[in-house]
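Visitor: Chain residues, written in single-letter form:
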Amino acid sequence: MKKTLGLLACLAAIVGLLAPGVSAQETIKVGIILPLTGAQAAFGEIEKNSFEMALEEINAAGGIKGKKLELIFEDDTGKPEVARSAAEKLINKDKVVMLGGGYGSSETFAIAGVAQQSRMPFLVNTGSADKITEQKWDYVFRLNPPASDYPGGLESFLTEVVKPKTAAILYEDSNFGTSSSQSFEETCERLGIKVLVKEGYSKGGVDFKPLLVKVKQANPDLIYMISYVMDAALLMNQSMELRLMPKLFVGGGAGFTMPEFQKNAGKAANMVFSATLWYQTLPYPGAKEYFDKYVNKHGKETEYHGAEAHAAAVVIADTLKRAKSLSPDDLRQALSETDVKTVFGPVKFTAYEKMTNQNKLPTYLVQWIDGKLELVWPKDVASKPYVFPIDWEKIWK
Amino acid sequence: MEVLIQTLVSGLLIGGIYALIGIGMSLIMGVMKIINLAHGQLMMVAMYITYVLFEALGLDPYFSLFIAMPCLFVLGAVIQKFLLNPLLKVDSILPENQVLMTVGVGMVLTEVIRFIFHSDYKSVKTSYSSSAIYMGEISFNVPMVAAFGLALVLTAALFFFLLKTDLGKSVRATAQNTDAALLMGINAQWITVLTYGLGSALVAAAGTLLLPIYYLFPDIGGPFTLKAFVITMLGGMGSTVGAILGGIVLGIAESLGATYISMMLKDAVAMVIFLLVLIFLPGGLKTLTKV
Amino acid sequence: MKSSLWPFLIVLALIALFPVAVTSEYYRHIFIISLMWVVIGSSWNLLAGYTGQVSFGHAIFFGTGAYTAGLCMTKLGISAWWGMLLGGPISLLVGLVIGWICFRLRGPYFALATIAIGEIFRLVTTDWRSLTEGMEGILIIQTFRSKLPYYYLAFGLAILCTFGIYRVMKSKWGYYFVAIREDQDVAEHIGISAFRYKSLSLMISSFFTGTAGAFYMNYMAFIDPHVVFSLHDISIMAILVAIIGGVGTMWGPAVGAFIMVWLQETFRSAFFGLMPRWVSEAHVLVFGLLVIFVIRYLANGIIGDWPKIKRLWSKDRELSYSSSGN
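Protein chains in written order, with the working numbering: chain A, 1244 to 1640; chain B, 10 to 300; chain C, 21 to 346.
For reference, chain A alone in the conformation it holds in the complex:
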């Protein structure tokens, strides 16, 4: 009995090794790499849901010249080496024609390296470190703004309304946090704002008070923080506790726009600004519909990451439709000629500053007002007027 079991196990292994991927009818396969498990799983989930929503719409409208589009999702678990393996599996085993996804900057970077080397067109939709499109890799395209563009919407707000003289920059020591902090420091230099404190921290800290009390002593006008959700909530809670009251708190995107931030920071989230890449009331075709459809289907809100994913699916489908064939070069060519409007905004790849194949989009400013995230700047697209100056004593009562 045991011998037969052993034999069966070996047979199963051999079958697994030799069996080709099981696919029924003709579909066009595109690989999407996201953090489906691990610490960033919440974002991975929003993106996967959005990809699938868009996929349904695309296939319902006839797919790609009659053939169905198939998205194969791979989990990078938030680690770059796993992302790399996932990319290789999609390219070599599943034989996809394009790659998409890319959430964490380190993971995206690793995937991009593989894609460029294997001549596989890769459309990045979230990974934001500038470096990703600064390598002159012609197979890597990015539809979302790079980290250095995140505070763009904030800039005019600062120069026209706030006019701060000093700032403090706090950032998580990840790829995203570090590169964002560099670019914001450069922005401050340009705007004549003196950076009094610039400090990184390792995520997962329990007590940020040593850091915050240093900031309190420096007394900056503006505090700019780049964190993921839980650190963001703790930072604001502890700032409130220490009665740290600058003219304004601004988050650099990521954690600060998530509903979980508001849930966990509670009162301390109120009146906090954040840079953002998207908001549902922006005049992009289908933006509001996408938002409402997502809320209806999944029972919770979506935000810019979801919009990026939805747009990516649309761009991928559009590229596949326009391409002369499914060969890497034709796809790359078609991708570079993209000029399409999506829920995330218009997508057209250009070269600017040191980047190539980069889509250029404006960014915006949101503010948490009484528990809801509102778009507040630029004024002409605002959903609610901004609140500034802020009376912290009253807000934090």
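Think of the hints as simulated: they come from the structure by calculation, not from any bench. Hints are not guaranteed to be accurate.
To be verified - The calculated EDC-like cross-link candidates involving lysine to aspartate or glutamate, where the alpha carbons are at most 16 Å apart (straight line), are:
id : chain 1 : residue 1 : chain 2 : residue 2
1  : A       : 1446      : B       : 129
2  : A       : 1311      : A       : 1295
3  : A       : 1506      : B       : 64
Said to hold, decoys possible - Label pairs and their in silico Cβ distance ranges:
id : chain 1 : residue 1 : chain 2 : residue 2 : range
4  : C       : 126       : A       : 1597      : 50 to 58 Å
5  : A       : 1406      : C       : 298       : 53 to 61 Å
6  : B       : 64        : A       : 1406      : 40 to 48 Å
Claimed, not checked - With the Cβ distance kept under 7 Å, some of the chain A side facing chain B (calculated, not the full set):
id : residue
7  : 1285
8  : 1444
9  : 1450
Ideal Cβ positions, reconstructed from N, Cα and C, are used throughout, including at glycine.
For chain A, the structure is supplied; the task is to place chains B and C on it using the hints.
Guide: Okay, now just chains B and C, sitting in the frame of chain A:
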């Protein structure tokens, strides 16, 4: 000056929680000489129990203490009885098998929790999570003060247990010399089960008290296990007072490191202290006192 | 003597011919990673299994080797392949220093010290951005598009490492290492300088681990402090590879490496796509259960406890009577 005082206060308060995390491990290491690499994961399980009780029954974490601690006691005892004790009898090349068993246990605990609750962050927000008492400009975070107080209470209770009760004395006897203890009629096997259970219960308390001011995810255990080691070594294995002192020293050192060196290196500060203690003061602070 | 060599040579030949028969880059990749772990596991085994110094910080050497190769590219502007030559020696020097600091500590204290140093390396590498690019990591372009050269490089490294360790263990040094493991004080008393031989063992161990790290940089083309200095994914994995295969045996780590890597990938890919998604999510759980099982019942690993396994597997109950009651 205000920066220094606030830093010291923060360090002191978090030191209380650290002490509670460390005291369980100090006990386990002192009695059984086992490096318990599953310590942080046990704390994590207790935190999830607290979370579930909060979400499902609205039970305040301070009350959940009375449920989480016994639960972890049982879990710890079971682990010791069925997985760790049997290893003592096995003849293997390296004595470090017990440590690796705890690695396996830690992994299984983490993954089972991940399966049930997924990896996203959970948290427990109570009305007092962010409240603070102010002395001048210096803030004392209320949950942390409470945790500090409870850490002292539990340490005192453990101290009393070990020094004054028969059972406690048996535990200390087993720690000092297992063979002699056996000869004296102490059921050493049972004592190890009790000790691991007790250590688990203590770290459960730490987790429950930590939850209102932090957050929760399956992988939270690792860094805290490391901290527990530092505290155990710093304070001296098996020393209750040592654990309190160790926790506070670590908390303050980290805070000072964060403020005056850099927030990113504060964990490195802990590791350097750890290394120095290992090399130069192997008995821990306990050797400097008499307790 | 000759007859027992045949199965070993056959296996070697199979591994050498594998990438020719199987052209899927995906499966080649898994083999390459397995071969890399043969090196790391065997190196760890030399220090811990044979010399009795259980290190929980082998990531130190792996990461040092990887960053040596990476820094060749970013700071010296030369190819990362130089790292394959430099990674080993530099890791060896690091090993020397660490031995000097830590060998005064015994058993569990030594283990804890290696954990601490490993973490310090990770944290400092993350913080020292001007040198290491911190968490942005180092990315290079792979020199070869096909995996074949990397495969044979890893294969060669694995053979070199195992053969080297084999020769060392067959020599007088091997005797001294085991003597130190069995009872360091007695060994000292009969004239074996514990410090010197522990250091030698560590130097060899760190040399090969560092070279493996340099290989990793060249092959995976991306590293960052969390990846290469990871306590869990590198240091503990090295220990598990050796334990599962069999500490203190020659082939244990090699067997362990293949089992661990293949098992992980089999589950992570949900049996290569044949099983539903939730199987993939359970892959670390299976790992942990395997560790518990092996340590509980097969404490000497699959190779070390092979007689025990054979006995359980065969229906021949007579054998158990003549066993030594294990």
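Visitor: Quick one: which hint numbers does this structure break? Sort them smallest to largest.
Guide: none
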